[in-house]
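Chemist: Given only the sequences and the hints, what does the whole structure look like? Please build it.
FYI, my numbering numbers position 139 of the sequence shown as 181, with every residue one higher than the one before it.
Everything labelled a hint here was simulated from the structure, so no lab data went into it. Note that this is a predicted model, so its numbers are computed, not measured. For every residue, glycine included, the Cβ atom is placed at its ideal position computed from N, Cα and C. None of the hints are false.
Distance windows between CB atoms, simulated: (1) R244 <-> Y205: 42 to 48 Å; (2) W210 <-> R243: 43 to 49 Å; (3) R327 <-> F121: 38 to 44 Å; (4) Q166 <-> L265: 21 to 27 Å.
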Amino acid sequence: MRAPHSHDIHTHSPSWPLPRAPLHQWGPPLRRRGGSDEPGLLDLVTAPPLACLHGGAGAQVLTVSPTPSEVRDRGRNAFLLGGAFSTFTISAGLMHSYAVFLVAFLEDFRWSRAEVSPAYSTSQLVAGVSSPVVGALVDRLGPRRLVLLGGALLALGLLGGAYASALWQVVVLYGFVMTIGANCLGLVVFVPLLSRWYARRRGMAISVVQSANGFSRAASAPLAQRLITAIGWRRAYLAQAALMAALVLPLAGFFRGTDPGGTDGKASTDARSERRKPDHDWTVREAIRTR
Numbered sequence: 043m044r045a046p047h048s049h050d051i052h053t054h055s056p057s058w059p060l061p062r063a064p065l066h067q068w069g070p071p072l073r074r075r076g077g078s079d080e081p082g083l084l085d086l087v088t089a090p091p092l093a094c095l096h097g098g099a100g101a102q103v104l105t106v107s108p109t110p111s112e113v114r115d116r117g118r119n120a121f122l123l124g125g126a127f128s129t130f131t132i133s134a135g136l137m138h139s140y141a142v143f144l145v146a147f148l149e150d151f152r153w154s155r156a157e158v159s160p161a162y163s164t165s166q167l168v169a170g171v172s173s174p175v176v177g178a179l180v181d182r183l184g185p186r187r188l189v190l191l192g193g194a195l196l197a198l199g200l201l202g203g204a205y206a207s208a209l210w211q212v213v214v215l216y217g218f219v220m221t222i223g224a225n226c227l228g229l230v231v232f233v234p235l236l237s238r239w240y241a242r243r244r245g246m247a248i249s250v251v252q253s254a255n256g257f258s259r260a261a262s263a264p265l266a267q268r269l270i271t272a273i274g275w276r277r278a279y280l281a282q283a284a285l286m287a288a289l290v291l292p293l294a295g296f297f298r299g300t301d302p303g304g305t306d307g308k309a310s311t312d313a314r315s316e317r318r319k320p321d322h323d324w325t326v327r328e329a330i331r332t333r
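Modeler: Have a look at this one:
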């Protein structure tokens, strides 16, 4: 019987090496630590059969520290999630503030509610029709370019709304221009991205971004009302347009490197997912010899 190497795990088994048997016969399968891209970095799962191999229930479990690439990936994931949350919060807030501006339209232009209702109805229809187009564009152009396009359209629609004087102008600017812009800054763009970068916690990541819709609804109405009361609805639209124009480049910067074919884009994330797929059943001997 040979003496085990320094990187081997010392056991109380009467014979060495251990029999070559699939891990599912010894207990739950080994799992990779934190979604590691390195094929050999594993954590031993605490299980009674493995505990017996290591000298009983009180034996220590072997863990492997995350590699620098894992740490960078985790930071990158959080960065993208924060960017998606911030972008969706701003775009949704600007769109939901229309209900406050609607009251100002009614008072200023003496329109009836029935007359201005087509603007909102058009917006909902355009949002549904344009979603497949935006989805195709995000696959082709990537999230960063869609954020730039959506931010530009949203700022343009807000700027034009400040000078609107007829109902059809409100319908075109809010129902078409702003709606398409907001669609380029919404879940249609961010769900595919987060699904790739959060393969194991996809539901959690998407729910965090979706929560931005609720936060924006809660904050946009009182803020828009204070702004309209202070400077009037036209200047309020100008202030919102300036805000969107100033933030579009920083928001797009969150998604740098995610374009299709980029170093961190779809190709690399798909390849990383492929490397995570187990190619065979690990044996106990193979597992404990990993570093």
